[in-house]
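Student: Listed here are the chains, written in short residue letters.
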Amino acid sequence: MDPSRLPGFLLRRGVKAAVVILAIVVCNFLLIHAAPGDPASVIAGQSGAADERFLAQLRQQFGLDQPLHVQLWIYLKGVLTLDLGFSHRQQMPVWTLIRERLPATLLLTGAAFAFAVAAGVTLGTLAARRVGTWADSIITVIALTFYATPLFWVGLMLVLFFSVWLEWLPSFGMATVGVELHGIDAVLDVAKHLLLPALTLGLFYLAVYARLTRATMLEVADQDFVKTARAKGVPEGQVVRRHILRNALLPVITFAGIQAGQLIGGSILVETVFAWPGIGRLAFDALLARDYAVLLGVFFCTSVMVVGFNLVTDLLYAVVDPRVEVEG
Amino acid sequence: MSDFWRRFRRNRGAVVGLVILALVIAVAAFASVLFPGSPWDMATAPFVPPGEEGMLLGSDSLGRDVAAGIAHGARISLMVGAVSTVAALFIGVSLGAVAGYLGGVADDAVMRFTEFFQTIPSFVFAILLVAIFTPTIGSVVFAIAVVSWPPVARVVRAEFLSLRSREFVQAAEVLGKSRIAIVVTDILPNALSPIVVLSSLMVASAILLESALSFLGLGDPNLMTWGFLIGSGRSVIRLAWWMSVFPGLAIFLTVLALNLVGEGLSDALNPRLARQRGGAA
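If you read the sequences in order, they're chains A and B.
With the first letter of the first sequence counted as 1, position 200 gets the number 572 in our numbering; the numbers rise by one all the way through.
With the first letter of the second sequence counted as 1, position 120 gets the number 312 in our numbering; the numbers rise by one all the way through.
Honestly, I wouldn't trust all of these hints.
[What the hints assert, rightly or not] In silico SDA-like cross-links for lysine to any residue, where the CA-CA straight-line distance does not exceed 20 Å:
#1 A:388 to B:304
#2 A:604 to A:617
#3 A:388 to B:307
#4 A:449 to A:395
#5 A:388 to B:310
#6 A:388 to A:617
#7 A:388 to B:298
#8 A:388 to B:300
#9 A:388 to B:297
#10 A:564 to A:537
#11 A:388 to B:299
#12 A:599 to A:630
Treat the hints as calculated values from the structure; they're not laboratory data.
Assemble the whole structure, with the sequences as input and the hints as a guide.
Tutor: Right, here's the structure in full:
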């Protein structure tokens, strides 16, 4: 893309992202009112158990006796100033709870994503290079397998194998409990705890990226510029790396953006299995306690994360592929 | 039809998938014959390992038969998969048809709406929906349908866009057929094959989604499901591995079978594409 058009592009994408976030807030608001029972008890986060004075205060605060559009306005103003409500159960503002858990989730999803892309693209390239051989078949079968396996079950099986039977790796938490570690030891300890959850979350996406890379590489390999490169006498390894792979990666970037939401969703399951202290685990605990304020907050924050990630991949795409005329 | 079957059969994986799927359906259909009585009832002592005391797949922490749970759970999984896919198809086909056939502002509006649903983290949204509308089989089906229709809308829209300017559609318009009649009787039948392929994959992902929801404790509390079985085996995995291993295998086999059948359907319905793929593979 022409660099001079970048600001306009950024502005259009920014507006679009803002509209999506606004729509999510409205969606949350509608859900609070669609839920059976009193909206105040939904906001309070415990159906029926919250004390009357707190409910009355909430009714006052959210203007629940006023017309719907006024209520929406009050709710919107609250969310946009990062006031995501108050968790009555945990006696803490929802935003504080989420902020505390965010780094753990980012570490987990980041590690899983990096692993999935690196291993997926490698396997997909290998499969495409050896089309029709047993190596290709094995990679295809592995991809199909992980595509059809429930994420949480893969996690449990890894726990069973590596923690229960082999006793190699810890099965829950983010750090060893009751031990004071510093420096490199602490990092290694977290890494050891991270290995299984990141592997679990990454395996499914590895399958997705492997299949995608294989398919697009085969498509690109048929094109004229690849034949030209070969005819010029460019060595085979270079043709694969610089001509085929580089072009085949574009759909992978697009797909990474599309998959961001699923990665976050998957982290809820993985964090539940491994008791990883991120927002997924927070959501699960909130689910058990029917703490709707926290659930709504988690939905809002994860959506914002996905929108942000999509913005980054759009930008990356436009920078990587100069031909792209990104339309509004 | 025989042509279709011949092409389907050529994909060996698809045939294997079809056989597995038939088995799963048979187990679901005959669950009350194979395992009479409620799967919630105690059948033997707790934590009996597989193969002992007549428990083929072992018993759980309350002495319930795991195999009976899996057989009865197959009904719920297949039912939820099928019903929520039908619901999602209904939403997706309607919206896609409107967007593709009308074009212009309607198309723009529908596509923005679709994009919104594709952007939000769908699993988190499904959890929220089920939690807020209390976990029942109805709310689970509703939540799965609400998060799985966007791909259908996209595919249907693309088909309708390319079909609406064809001669047979123009002919129908000249004949004075109503728009709804044209959409339903002329265009839709010609757009069916991608919808069929997509729907087998949707049943597969609906089953995965349902199992994930009930694993988190969001299943209908009165129904035995595969996800619930795994969820209840999670805390005792050191003691009774069979409680989580076998229900997971059931999900894996069913979903794999549906994916394989989907590929076979795609080969059989798009012969040109299949030959291309065959040439490359």
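Student: Flag every earlier hint the structure violates by its number, smallest first.
Tutor: Numbers 6 and 12 - these are the hints that the structure violates, sorted from lowest upward.
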